[in-house]
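Visitor: Sequences listed follow chains U and H, in order.
Numbering-wise (our numbering), the first sequence opens with residue 26 and increments by one.
Numbering-wise (our numbering), the second sequence opens with residue 667 and increments by one.
Don't take each hint at face value.
What the hints assert, rightly or not - Covered by chain H, per the in silico footprint, the following chain U stretches (three or more residues, Cβ under 8 Å): (1) 135–141; (2) 186–197.
Stated by the list, open to error - Distance ranges between label pairs, derived from CB positions: (3) H:867 x U:511: 35 to 41 Å; (4) U:101 x H:811: 49 to 55 Å; (5) H:782 x U:261: 53 to 59 Å.
Worth flagging that the hints you see were computed from the coordinates, not collected in a lab.
Glycine included, each C-beta is placed from N, C-alpha and C at the ideal position.
For reference, the chains in residue letters:
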Amino acid sequence: MSLVEAADLDVRFAAGRVHAVRGASVRLEAGRCLALVGESGSGKSALARSLLGLAGPTATVTAAELRVAGEDAREFGPRDWRRVRGRHVGLVSQDALVALDPLRPIGAEITESLLAHRTVPRSRARERVVGLLTRVGVPDPEERARQYVHQLSGGLRQRALIASAIAAEPGILIADEPTTALDAAVQARVLALLAELKEQGTGLLLISHDLAVVEALADEVAVMRHGVIVETGPTDRVLEEPRHAYTKELLAAVPGSRPRTGRGRPPEGEPLLDVTGVVKRFAGRTAVAGVDFTLRPGETLGLVGESGSGKTTLARVVLGMARPDEGTVLLDGEPWSGVPERARRARRHTIQLVPQDPLSAVDPRWPVARVVGEALAATGVPRAERADRTAVLLERVGLTADLLGRRPAALSGGQRQRVAIARALATKPRLLVCDEPVSALDVSVQAQVLDLLRRLQEELGLATLFISHDLAVVREVCDRVMVMKDGVVVESGPVEEVFAGPAHPYTRSLLDAVPRRVRAALEPPNNALPASLS
Amino acid sequence: MRGALARLVSAALVVWAAATCAFLVLQLIPGDPVYAVVGSDALVSEEQHERIRAEYGLDQPLVVQYLNYVARLATFRFGDSYQLQQPVATVLADQLWPTVQLALAATALAPLLAVLVAVATSGRRNWPRRVAAAVELVVVSTPSFWLGIMLLTIFSFRLGWLPVSETGGVASLVLPTITLALPIAAVLTQVMREGLLAALDQPFAVTARARGVPETAVRYRHALRHSALPALTMAGWFTGTLLGGAVIVENVFARPGIGRVTLQAVGDRDLPVVQGVVALSAVVFVAVSVLVDVLYAVVDPRLRRKTGVQAI
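Turn these sequences into a full structure, and let the hints steer you where they fit.
Guide: So this is what it looks like as structure tokens:
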């Protein structure tokens, strides 16, 4: 028997002007996992939230059938929904840092779930909290229960969030992007925990834009686009033999399923960037512990590693934003680190940054013309020429001039990242530092932005330092790769060699954490497109 | 330990700066302070005049007067009031308690009102918020002396429920407290409501609702604490309004207290008293800012490590 069943469900926002979900039908059963796949704005979350009665105050939900825990939820009032939430249907959202109350200890958050349905008397709540934390694999549960979210690592946080969601033993768990923003290895462990809950009989509704996650967990997949479920079926069938054109498009855009463009051999010529023995310490902690590498014009160097491995600090040293405690950085043969800012300023335009989240990296009040114009002004382009130059730059990154007056909030994620790239190009750089440039984007947009970066690189002969935690993306665009752990480069070399035969156990563990299908695409060096996906 | 020392030094600097400002400003007021001592209509001979100047040190150069003043301040001697012929410390100590009573009562009432109204009007429905916002605007824009007179007219003269002026009992504290607390509560309500609404939009509020927690509990248990952070940043303004409000309220309700003494002292150019009040206010401000820093850490665990407070 299905625990949650919806037929012909519609969700409308803003008095019907926005039709977020159109005629969707889903069934959730004990011990089974249904995945909702689609890009941002496709209506996945609105559909999932409507099963909890939490689509929001401005939402109108209508359905031919909506049954939750055997009752007709179309008739539910606020009190009925409260009875169901947490007890029959639980929710695990993305990013526990904000999904758990930062001002309360995690023990209090879990206790709240327990007491909301009086499943446990208050006197025994503490004991149950410890039991739940143990069940989700949190070590030292007694001590952890007294800690706050910001004191826990990403993986522990997400486990605590899962513990609070399963506290009242709901039959169905809605997991909305449960592993987004987690490192690969941590992601794998959280997925294993969810799989274990499924084994024990919890039904899962998994929402994800990441097909690798879906493949690891889901029994069935429903693909959503513009609020409509366009294809549904068993996971293997949908991923192996997609029927709908949109599903095929999604699959083709998955990094790792696309042909590699990185070259094996570094280009000839003098290095543009020469990093030797760089060490950077912060208050007793060594973030970067002796790193050497060179980067030649036209070359793309991937930098992979988990959060805290020192990638970003190294990037800041390269950008000249942090002064290394030891070692030197040469830019085009001249000293770049350890020289006064006065000696660097005239050369700063040579290195530009493409940020992870362009929304927070541009002034939200500035229109596109001003964002790009400022960068042009910094390199001394006279005011009269800036408008024309901005238009040329936008065209170069595939945007039209009618976006010039728009503010960042009125742009899509892909458009924003293109603006950030246009801004970086405005100073005619020779080296781009891309810090997770596509990790905040949907897969199809990701593919477009990667294509753009690659094209620009060929046209302009740019050297690129490409920082990413996504091995598939790195494999697709990079010539060489460096693997960082605890501030040290543990392995480096041409991408194919490193990925096909990782020498260091850490590299191996990173590769192991990549779900199966993507890994299959990573391993055979020249078999980029598996037959089933082509 | 080092943090505490740094705090103490900065507190001393604040009090010194405030005292210096007060000294300079009071020098700018035209007129002869001797007349403040003897009364403006009194006829004094040249000889008496000189004697009084010498007695109060007014015959010395300004720099010496200033240094003497700072030296006295540093040893907690504020000198004698020109008018009341008693030490400033005694004057202030006598008048301190009624004002403290009033301030504490208002400090309890204003946040209580603000919390109740903010929580009650942060729900889904829009109209309670609109009504509350209109009332808050009216209260904030009403001068407090007028508010006090209106309350007196209605509750004391018309209805006869509460005494018109100070009787020593709790009843005589009710109207002054309301007069002082209402404008503060109105502003605090606006700040807290904004904070509540922002917190209720956060993902953790969705998580709490998804646990089956009632909406009111989401507001009280989660959002309220988040809204306390922006409200705490208003502490400086809050203290200032309390002190300034006390001047008006004590005069309208004919209560004894620091506010009344201050107004009188300013009017009579009773410099030692004014300087004493300024020093006292500066100390209060410093104490409040220390308290607020501790409260920040109590409310927000993320700030605990930085401030070194190990509370709760």
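Visitor: Are residue 782 of chain H and residue 261 of chain U spaced within 53 to 59 Å by their CB atoms?
Guide: 58 Å, holds
Visitor: Holds or violated: the 49 to 55 Å window for the beta-carbon distance between residue 101 of chain U and residue 811 of chain H?
Guide: Between residue 101 of chain U and residue 811 of chain H, where Cβ atoms are some 54 Å apart, the hint holds.
Visitor: Mind checking the hinted window 35 to 41 Å against the Cβ distance between residue 867 of chain H and residue 511 of chain U?
Guide: Roughly 38 Å apart at Cβ, these two residues keep to the hinted range, so it holds.
Visitor: Three or more residues of the segment 186–197 of chain U near chain H by CB distance under 8 Å?
Guide: holds (count 5)
Visitor: For the segment 135–141 of chain U, do at least 3 residues have a Cβ located nearer than 8 Å to some Cβ of chain H?
Guide: holds (count 3)
The earlier numbered hints are all upheld by this structure, with none contradicted.
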